[in-house]
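**Q** Listed below, chain by chain, are the residues.
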Amino acid sequence: MEKQELIAKINQVLADEFEVEQSVITPDADIKSTLNLDSLSLVDMVALIEEEFGVKIKGTELASVKTFGLLYDFVFERMA
Amino acid sequence: MLLKDYYTITSQSTDSESGATLFRIRLNGGHEIYKGHFPEKAVSPGVCNLQIMKECAERIVGKELTIKTMAQCKMPAMITPDGTPELTVSVKTEETADGWQTVASIFNESTTYITFKGLLIPEQQ
Amino acid sequence: MKTALFQGDDIAKLIPQRPPIVMVSHFFGATETDAETGLKILADNIFCKNNHLTEPGLIEHIAQSAAAFAGYNALQSGEKVVLGFIGEIKKLTINSLPAVGTLIETRIAIVQEVMNVLLMSARSTVDGQTVAECSIKLFMDR
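Protein chains in written order, with this note's numbering: chain H, 138 to 217; chain P, 39 to 163; chain L, 63 to 204.
There is no bait here: all hints are sound.
Using 25 Å as the maximum straight-line C-alpha spacing, the simulated PhoX-like pairs for lysine-lysine come out as follows: (1) L:K152 - P:K155; (2) P:K73 - L:K102; (3) P:K73 - L:K75; (4) P:K101 - L:K111; (5) L:K153 - P:K130.
What the hints contain is simulated information worked out from the structure, not anything from laboratory work.
Work out the full structure, taking the sequences as your base and the hints as a guide.
**A** Okay, here's the thing in structure tokens:
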């Protein structure tokens, strides 16, 4: 999957699941505040990304993944 | 009441805006369940809070009910009989062909402790 | 019946709950991702009514099964067993309420863990028939 395609897919999946407009999801935006995630729904987001993109994510690796841009890179690297 | 004297209902009213029934309740911190949950710190078991919401729904529909499905039940904060003994239970039921689609929550002035969305059916047996 | 790794009073090594709210009676074993537990329903169980275990009892059994799995993993790695609280239950279906005297067997699978939240899926059976299934999140107090 090309990176642009992956980014579009991630945005679509997250916007659908967490009921936000896709337009608010930008590379520099903070994931938690944009999607209104608390510690419970953060786990849902990780499980959703794993399921949709067939990647394995360790919870501890996510601490530094704060923005959507970092999330795109994170998933892209693991799919490559 | 499944757990005898676990709580008492002190008043009941209707929220004119949402149509939900509101029950003011008071937890009994002396209940035996707190001996085991937990010995060093009394915390109201989440499933007991769930049971309170179900028993309030039973009062509304006038029948004994069973939880058949639960789309979601969130417990974002802990209820403790010492810290938060006085609470409000809000319950709204809608009768359908399958049973009662029910939305409920328990909260006080500052915090929502549990929310429930599910289907209740008449008790079997 | 299968042999259990922990049962009776030894369950207290895996979970912080104590009587009258101990809702796991057997811990059959675990792999890295899955565990199997059981609850023999006794007549004096506080969540029993009309000779059956009610929904809060069944759900508490599932939650404590998840906690027992976390506790087992903690023991294996030499850590302390901590308090766990239900954070969320989703997609719960209850097919039937098991009768006093039966053994509920529950399979717990870890789906994900982020920070102090554990996401698990659970299926409980009696004699091979599914009585309840759900996905459950626990807050681990560590």
